[in-house]
Each structure stands twice: as C-alpha cells, then as structure tokens.
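Here is what each chain is made of, one letter per residue.
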Amino acid sequence: MANRVLVATRKGLFDIRQRDPGNWAIHDRHFLGEPVGMVLQDPYDKTLYASLELGHFGTKLHRSDDDGMHWEEVSVPSYASIDGDDAPSLKMIWSMEVGAPGTLWAGTLPGGLFRSTDRGATWEMMRSLWDDPLRKQWVGGGYDEPGIHSICVDPRDANRIVIAVSCGGVWLSEDNGSSWRTATKGLWADYMPPGQKENPAIQDPHRVVQCRDAPDNFWMQHHNGIFRSTDGCVEWGQVSAHPSSFGFTVAVHPQQPDTAWFVPAVKDEKRYPVDGKLIVTRTQDGGKTFPSFATGLPQQESYDLVYRHSLAVDERGEYLAMGSTTGNLWISENGGEAWREVSNHLPPVYAVRFIKD
Amino acid sequence: MANIVCAQRFGDVGPLEPAAYQGETVQDVLDAAAMDYPRLKNYVLDDQGRVRKHVAIFVGGAMQPRETVLDNSLGPKDEIYIMQALSGG
Numbered sequence: 001m002a003n004r005v006l007v008a009t010r011k012g013l014f015d016i017r018q019r020d021p022g023n024w025a026i027h028d029r030h031f032l033g034e035p036v037g038m039v040l041q042d043p044y045d046k047t048l049y050a051s052l053e054l055g056h057f058g059t060k061l062h063r064s065d066d067d068g069m070h071w072e073e074v075s076v077p078s079y080a081s082i083d084g085d086d087a088p089s090l091k092m093i094w095s096m097e098v099g100a101p102g103t104l105w106a107g108t109l110p111g112g113l114f115r116s117t118d119r120g121a122t123w124e125m126m127r128s129l130w131d132d133p134l135r136k137q138w139v140g141g142g143y144d145e146p147g148i149h150s151i152c153v154d155p156r157d158a159n160r161i162v163i164a165v166s167c168g169g170v171w172l173s174e175d176n177g178s179s180w181r182t183a184t185k186g187l188w189a190d191y192m193p194p195g196q197k198e199n200p201a202i203q204d205p206h207r208v209v210q211c212r213d214a215p216d217n218f219w220m221q222h223h224n225g226i227f228r229s230t231d232g233c234v235e236w237g238q239v240s241a242h243p244s245s246f247g248f249t250v251a252v253h254p255q256q257p258d259t260a261w262f263v264p265a266v267k268d269e270k271r272y273p274v275d276g277k278l279i280v281t282r283t284q285d286g287g288k289t290f291p292s293f294a295t296g297l298p299q300q301e302s303y304d305l306v307y308r309h310s311l312a313v314d315e316r317g318e319y320l321a322m323g324s325t326t327g328n329l330w331i332s333e334n335g336g337e338a339w340r341e342v343s344n345h346l347p348p349v350y351a352v353r354f355i356k357d
Numbered sequence: 001m002a003n004i005v006c007a008q009r010f011g012d013v014g015p016l017e018p019a020a021y022q023g024e025t026v027q028d029v030l031d032a033a034a035m036d037y038p039r040l041k042n043y044v045l046d047d048q049g050r051v052r053k054h055v056a057i058f059v060g061g062a063m064q065p066r067e068t069v070l071d072n073s074l075g076p077k078d079e080i081y082i083m084q085a086l087s088g089g
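Read top to bottom, the protein sequences are chains L and V. When you line the first sequence up against this note's numbering, it's residues 1 to 357, in that order. When you line the second sequence up against this note's numbering, it's residues 1 to 89, in that order.
Be aware that a few hints might be false.
To be verified - Here are a few chain L residues that face chain V, going by a calculated C-beta distance under 8 Å:
{"hint": "1", "residue": "H56"}
{"hint": "2", "residue": "W71"}
{"hint": "3", "residue": "E73"}
{"hint": "4", "residue": "S78"}
{"hint": "5", "residue": "Y79"}
{"hint": "6", "residue": "A80"}
{"hint": "7", "residue": "A87"}
{"hint": "8", "residue": "S89"}
{"hint": "9", "residue": "L90"}
{"hint": "10", "residue": "P347"}
{"hint": "11", "residue": "P348"}
No lab work stands behind these hints: they were computed from the structure. Only a predicted model underlies this, so the values are computations on that prediction, with no experimental measurement involved. Heads up, the beta-carbon is just placed ideally off N, CA and C, and yes, glycines get one too.
Just chain V, with the same shape it has in the complex (with noise of 0.2 Å):
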C-alpha cells in the first residue's frame, strides 16, 4: 500500500490528493491506480511502458532515475509523487 498523487498539471488524470493503492511497487501502485484513472498510465508512460522523458517520479520525497523507478520497492509509508518535468516555454 502506498499514497500516490500527481501535480496538478494531471488534471483529471490522476488523483490530486494523496490516494492509497495496494502494491509492492511503483508499477504495481500505477497499475493499480489505472483502475481509477484510465488515462494516467498513458501521460505518465510511452507506449513502450517507459517513463516519459520528460516525467518525474518522487518516491518518499526523493526524484528517482526514470529508468529504475516503476521497480522501485515501496515501504509502507512511502508515497509516490509524479509531476511534469520543468520545461518549455
């Protein structure tokens, strides 16, 4: 079980507020909360089910490298934060 929430540029596209979801790791918790919000896994992964380049992934306050974090194992009190990477103009 861990707490997953998504910056507010998601939109209605992932839970803005803190929201438990049962799993072991990040993917699981992302699976997981694909239930709810159907499109998340599209805006936070490719369609080869890596993490966006231009994706971060916070797990227990901390930026993860995009390539590892979906295996990342999760603790009991940890919570996943996903937000858009600053860029543009």
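With the rest of the complex left out, here is chain L (with noise of 0.2 Å):
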C-alpha cells in the first residue's frame, strides 16, 4: 500500500508519510534550505535520486541507497562534448525517470536527454536528438531556455521512449534513444502565427503521461488546451475540460485509460485559479465529461498552481498527491474527490512522487 510521498520544494524534500487513513505529516527532512527540483524513486533496488538546483552551483544529483538516511553526490548530465561559440551548460534536470532495470532518464535544460546505466556515476547524452535540426527551433516555455520534463518508457518494450519538450513537441524513440522522431500529430498551438500553428517542434506540451497498464494510452495538458492519445502517440485528439482547459499538470490512472485528473487555471498570461477557487476534474469516460472536485481546496482567494509534476497518483489510482507553488500540500484518499490538507505553509512544491517503503 503506497503510503509516502516524496515533496520537492524550493527549500528542501519533505517525505510525507500516511500516519492513519486520513492523517499524513511530514515525517522527514532534507537538503533544508536547499532547492531540490526533482525526486525519484527507483522501484527496483529503491534507491532515491534527489537533483539540487543550487543558484550559485549549478544542478547537483544526491543519491541515496538507505531510503533517505544518508545521501552521496554523483555525478550529473554535462554539456561538455557540445563545443562552439556560447556552447550549452547544463541549466536544470527537469525530469528523471527510472528505464530498464539498471536505467535512468534525465530530461534536462536546455534541452539535452541522458542516459545513466550506473546508477548516476556518468551519463550519456542522446545525441542524435541534439542533433536533430528540428531541436533548433525549440524555444523556452516555462524557463528561458527549452527543457525536457516528460520522460514515458513504455511498460512492455524499454526501448520504446516519448519525452515531451517545452517548448519543443512531443519526441519518440522506439530503439532506445538511438533514433527519435516527432510524435505531435494532431496537436496545435492556436497562440501561434497562421503556417506555424502545427509545426512539431513549436508544440508546447506541459506534461505528458502514459498509463502503465495500457500503455498506448497518453494524456497531454498542452499549453493549448488537453489531449489525448490512443494509439501510441501516432494521434492525438484535443478534448475540453470545464472550467478551463489549460493547466500544467496531468495524472493518469494507472489500470483506467480513460481516467486522467487535471488541475485547471485561468488561460494563459495570468496563470491562477479560475475565480481564484482551486479545483481538480477528472475525466473517467475518456475526455468526454470532466466532472470537477472542490472538497478540501480552497473556494476564495485561492492563488495556487500546480506545477507539471506537482500531481501525482499511486499505483492502484486510488491515492492522489498534490502541491502549489504557495506551498500547499494536500492528499486525496478516494480518487480525488475530496482532498485533505497536510501543510499550509510549505516551500513552494516543485515535485510530488509517492514511493514505496
């Protein structure tokens, strides 16, 4: 039964535990004072991989082998073999996930994707995506420079990979990195210039995921609005939450293709909730209603957004976690439907995970 979740904030990790049905607190502390951007669990040795964005030192990855008693800096991505005028340095790892057994994935800014097959002690970076001419066009969305924040190896074949870029599109790779190509069909940027609306490389995807146990299935919030795939990302057909569709963040359920969650805000330049009342929908008939839940989320003078990995759901989609960026953390027990506040005054939440003991 998942009972923890990691929370990344601009100050620290926090690692929230489930005390009693109902009842979560914050049971530990790292990295206080630190900035720590994302968390990971691997689920197969349960190492923890904490990323430090430290302003003045760069992006820093800690490494835990005891579940979070002690901690070990390794190594992180490098730009290095990037030469030229002004060549990239790396900015952020803005997104980790856990491949093939022995395996992790770093999407980065601005813009590099890197392989890790020793456990973070030196990373590959996927060239041929660097590489792509079409790479050139992507621009910054969320940051200044372009980053990769969705990382989705699909449960039956590793080597089949989609990453999602800001703003750069929606990338798949079907021989382990070696290869991609873009996967956006259907998407369409409306802010664009008439020619431009569906190139793939402009798309500015906010958050992609894949549904573990049918994996064909991918939900997008887009900078656009939401979309869906069915079909492996060969399609993608936009669908229309009420109140609004734009937002950052998306869960899916891990059993239910056709459930997602989003957590909708007010489109697209003043970026809080509509009428300043937080609240989650979900969609359970694959986008065609999305009913929405205010149980436990402030209803006034709510100004909280929801990063891109600031929602998260546990492995039977039962069990919801989310945080603001005013540093509220809240859990839902039941699917979303009612949510219950573990802290108030939290750093800002860059990353929610729930992990297992």
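Once you've looked at the hints, go ahead and assemble the two chains, each given alone in its own frame, into the complex.
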C-alpha cells in the first residue's frame, strides 16, 4: 500500500507519510534550505535520487541507498561534449525516470536527454536528439531555455520512449534513444502565427503521462488545452474541460486509461485558479466529461498553481497528492473527489512522488 | 604556489582554510586543489569550464572578471578566495 509521498520544494525535500487513514504528516526532511527540483525512487532497488538546483553552484544530483538516511553526491548530465561559441551548459534536471532495470533517464534544460546505466556515476547524452535540425527550433517555455519535462518509458518495451519538451513537441524513440522522430500529429498551437500552428517543433506540451497498464494511452496537458492519444502517440485528439482546459499538470490512472486528472487555471498569461477557486477535474470516460471536485480545496482567494510534476497518483489509482506554488500540499484518498491538507506553509512545491517503503 | 580558500557555503566541497597549491594561474591552482577536493571544480565552473555566473573569485583581495580570472597569473603571495555571489531569497 502506497503510504509515502516525497515532496521536492524550493527549500528542501520532505518525506510525507500516512499515519492513519486521512492523517498524513511530515515525517522527515532532507536538504533543508536547498532547492530540490526533482526526486525519484528506483522501484527496482529502492534507491532515491534528488536533484538540487543550487543557485550558485549549479545542478547537483544526490543518491541515497538507505532510504534517505545518507546521501551521496553523484555526477550530473554534462554538455561538455558540445562545443562552439556560446556552448551550452546544464541549467536544470527537469525530469528523471527509470527505464529498463538499471537505467536512469534525465531530461534537462537547455534540452538534452541523458541516460545513465551506472546509477548516476556517468551520463550519456542522446546525441541524435540534440543534433536533430528540428531541435534547434525549440524555444523556452516555463524557463528561458527549452527543457524536457516528461519521459515515458513503455512498460512493455523499455526501448520505446516518449519525451515531451516545453517548447519542442513530443518525440518518440523505438530504439532506446538512438533515433528520434516527432509524434505531434493532431496537436496545434493557437497562439502561433499562421502556418506555424501545427509545427511539431514548437508545440508546448506542459506535461505528458502514459497509462501503465494500457501504455498506448497518453494524456497531455498542452499549452493549448487537453489532448489524448490512444494509439501510442500516432495521433492526438483534443478534448475540452470546464471551467478551463488550461493548466500545467496531468495524472493518469495506472489501470484505467480513460481516467485522468487535471488542475485547471485561467488561460493563459494570468495563471491562477479560475475565480480564485482551486479545483481538480477528473474524466473517467476518456475526456467526454470532466466532473470537478473542490472538497477540501480553497474556494476563495486561492492563487495556487500546480506545476507539471506536482500532481501524482499512486499505483492503485486511489490516492493522489498535489502541491502548489504557494506551499500547500493536499492528499486525496478517494480518487481526487475529496482532499485533505497536509500543510499550508511548505516552500513552493516543484514535484511530488508516491514511493514504496 | 598560492593559497586557495572557499567561503563557508562550500562546506566540504573545498578548503575553508587557506591551503597552498602549486600553479602559475588560477586555473592551475584550481586543478591542483581538485586533486584533494574532487567536487570543487564542478561547483566553481560549469560543464564548459567557465566560471559560474553566480560565483565570485577574488585574487589578492580584488574581485576578478569571471571571463578572464582563470588565466590570471599568480604571485607567490597571492590568495585566491572563492565565494558565492549574494543573491536569492
């Protein structure tokens, strides 16, 4: 039973545990005062990884072999192999996922995808993606430089990887990262000039998730709305939610591909909950309807924004965790229908993850 | 030979008390210190070997331009002081 959530924040990593049903609390804290951008548990060996975005000293990656009692700094992805004037350097680890057993993936700013097969001791850049001419069209979205925020490794075949980029579209590899092609058919960007609305390389998928037990099913919160693919990203179709289809995050039920959760916000330059009321929408019919849920969430003067990685669902699809830019953290134990606050005064939340004991 | 010392914020990443290392330039001394402090260069320099934007290096008590400081020639009494720029909240 999933009863732990790791919460990466601007001022530390928090280990949240369920004491009793409906009762969650901060159990432990790590890296207090340091910005923790992303956290990951390797489900195969239970290793924890936490990336620190040190404002002065750059991105650092820490690894714990004993469930957070001790942490060791390991290597970070490097752009040293890319030369030329104004050569790039690592700005941030925006996403981390486990692929095949023993394989870590890291999506970074300014746009490199990296793989490690030695638990973070060394990293290899996916050069074919970086060298793709379309990659040069990527632009910043969320940050000044483009970044890879979503990495979906197919549970049936770890060689099949889908990544999403703000702003650089969706890319698919079927050979463990050796070659890549865009997978954006059906996506469109309302805000682009005529002739550019369907350009694969400028799409801004804010977040893409894949259904674990039905992996041809993907959900996307795009800058331009909500999209879904049921055929392994061959094609995307747009659906509409009330009160808004704008947002940053999405979570998909691990077993039910028609079920996904979103956190709507005002579109799009003024980002806060519609009418200052924070809600979560959930579809259970593949996007035909989106009932919204407000129980336990602030219904007046809420300016909480939930970033890309700050909504998570557990492996059974029952518990959800959600953290906001204003330091609120909520847990739902009934599929998002009702929420209970865990803290109102955490630092700004960057990522939440359910992990196994 | 020159002394190198880091601000407290570096913790165990670099020498917090003046430590002497051989070298004719700041880069040389940093390379030498990195033999004892293998994480130091990754904190001071980015992955292209440039001084990080929010790191300041003083030589002989004067802050040096980050674009050229690594090539600064050092006198025998010079001390290299590395600190984080003051920013953030």
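query: Which of the numbered hints are not met once you compare them with the structure shown?
result: Hints 2, 10 and 11 not satisfied by this model.
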